[in-house]
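Enquirer: The lines below spell out each chain.
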Amino acid sequence: MRDLFSRTLQTTIIFLIVGGVMALALGGYFSSASNVFSGSLISLQSWFSSRFVAVQDFITAPRDIASLRQRNSELESEVAELQAQVIQLQQQVGETEILAALVDFSRASPDNTYLAAAVIGRDPSPFLHYIIINRGSNDGILRGMPVVTNQGLVGRIDAVIADAARVQLITDPASNVNVRLENAETDASLVGSVTGDLLLELIPQDITIEVGDLVLTSGLGGGYPPDLIVGQVVNVRSRDFDLFQQATVQPVADFDRLQIVLVIVNFRPVDIAPLFPTP
Amino acid sequence: MRNLIAAPVILFAVMLQSAVVSRVYLLSGFADLPLVMLAAWALQPEVKTAWHWAAAAGLLVGFVSGIAWFVPVLSYLMVVMFAQVLQRRVWQAPLLAMFLVTFLGSVVLYLLSFSVLRLSDVPLPVGDTLGLLALPGTLLNMLLAIPAYAVMRDLSGWVHPSQEVE
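For the record, the sequence lines run as chains P and S.
If you're matching positions, the first sequence starts at 0 in numbering that gives the first Met the number 0 and goes up one per residue.
If you're matching positions, the second sequence starts at 0 in numbering that gives the first Met the number 0 and goes up one per residue.
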């Protein structure tokens with residue numbers, strides 16, 4: 000009976016001591032001592048681990064590294080090859096989509112004969128909005144031929160050499176296209192600007208223009224064939240003291256992303272300059 | 000014979016300008032790679048003359064561009080002139096000289112282009128041209144000046160190896 004009492008007391012004291020130590024530890028009273036202890040242990044374990052890894056590397060490295068490096072280089076070259084293939088295929092898909100849209104467009108207007116050309120550059124001067132295409136006089140391109148995409152009018156041929164041509168975009172500051180507003184049934188003049196914005200000018204004051212009106216080539220002047228889509232009116236400026244109204248036009252073609260264009264090769268521009276009297 | 004290196008370098012610069020640089024816009028302006036490369040080449044201490052580089056680059060750009068051919072020719076000749084004046088008389092710090100030549104060259108190019116186009120009845124508003132085209136273009140030219148100078152210094156060292164050793 001006395002032994003049982005003594006063991007119970009011992010057990011209780013041990014539990015109390017352990018509980019007290021745990022409580023002190025949880026309260027943070029042993030943190031410095033435990034940090035020193037755990038730090039030493041971790042350092043020691045790190046030392047053993049690093050030595051073991053070094054010895055293991057020394058024993059197994061020559062064979063494994065050589066084979067792994069070889070395999071790695073093989074896989075890297077394979078990945079590079081596959082990446083190149085993916086990029087090539089993506090480009091082909093993009094070009095196919097553009098070409099399909101252009102074919103649809105040319106089928107929709109069978110009166111015109113089109114020649115597809117890739118855009119290979121832009122004018123080196125920021126003042127001018129020209130592109131360079133990879134078709135020239137060898138392909139039957141002539142100066143003045145209109146250039147379109149499946150979306151609408153882009154510009155016209157400005158200069159030609161044997162295998163390339165320069166196209167003046169309708170956004171060029173020197174460009175001037177005679178257009179008509181589909182809903183308003185009136186003619187106007189579309190001019191480009193240095194910033195690439197398109198402005199409609201010479202719209203009579205008595206004409207009502209709505210935002211969203213479609214702008215098409217009128218064919219007047221003989222520079223462009225009629226009824227090519229140019230863009231939509233996005234903003235109208237009409238002031239009482241002006242002779243004419245002005246409007247801003249959002250072009251249908253994305254001039255920053257031109258990749259492939261169509262040249263209308265059966266259109267011959269008419270030069271009407273000799274008809275104007277010279278002073 | 001050393002001057003023959005001008006042909007592929009200028010051709011490469013004009014191709015790069017037309018195909019890549021002129022598609023990288025800041026507002027409505029973009030950098031002029033042939034101008035910057037010409038300035039960098041003309042400022043190299045080993046280079047005695049770069050007039051033929053300027054004439055060739057100007058003619059090539061004039062051929063590709065829709066602008067009058069004499070605009071880039073005159074502008075690039077002026078760039079070489081600025082470079083020679085600064086190299087011989089004023090500046091010893093090459094990068095400062097590079098920045099100054101690039102800036103002056105850009106100003107001359109834009110001024111000349113603007114004047115010629117205005118004389119050709121092209122409607123160019125001064126404010127838009129200056130704020131959206133000339134200033135961003137000049138800034139891009141200045142940014143391009145540092146790498147262009149480094150590339151042309153290496154090229155100059157490769158073309159004139161004996162003088163570099165001395």
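Honestly, the hints are just simulated from the structure, not real lab data.
These numbers were taken from a predicted model, which means no experiment stands behind them.
Ideal placement from N, C-alpha and C gives every residue a C-beta, glycine not left out.
Treat the hints loosely; a few may be bogus.
Per label pair, the in silico range of CB-to-CB distance [stated by the list, open to error]:
no., chain 1, residue 1, chain 2, residue 2, range
1, P, R256, S, L58, 29 to 39 Å
2, P, D241, S, L58, 40 to 50 Å
3, P, L242, S, P7, 35 to 45 Å
Enquirer: Indicate, hint by hint, whether the structure satisfies it.
Expert: Taking the hints in turn, this is what the structure says about them:
no. : hint                       : result
1   : P:R256 / S:L58: 29 to 39 Å : 31 Å, holds
2   : P:D241 / S:L58: 40 to 50 Å : 44 Å, holds
3   : P:L242 / S:P7: 35 to 45 Å  : 55 Å, violated
Figure legend: structure checked against the earlier numbered hints; the only hint not met is number 3.
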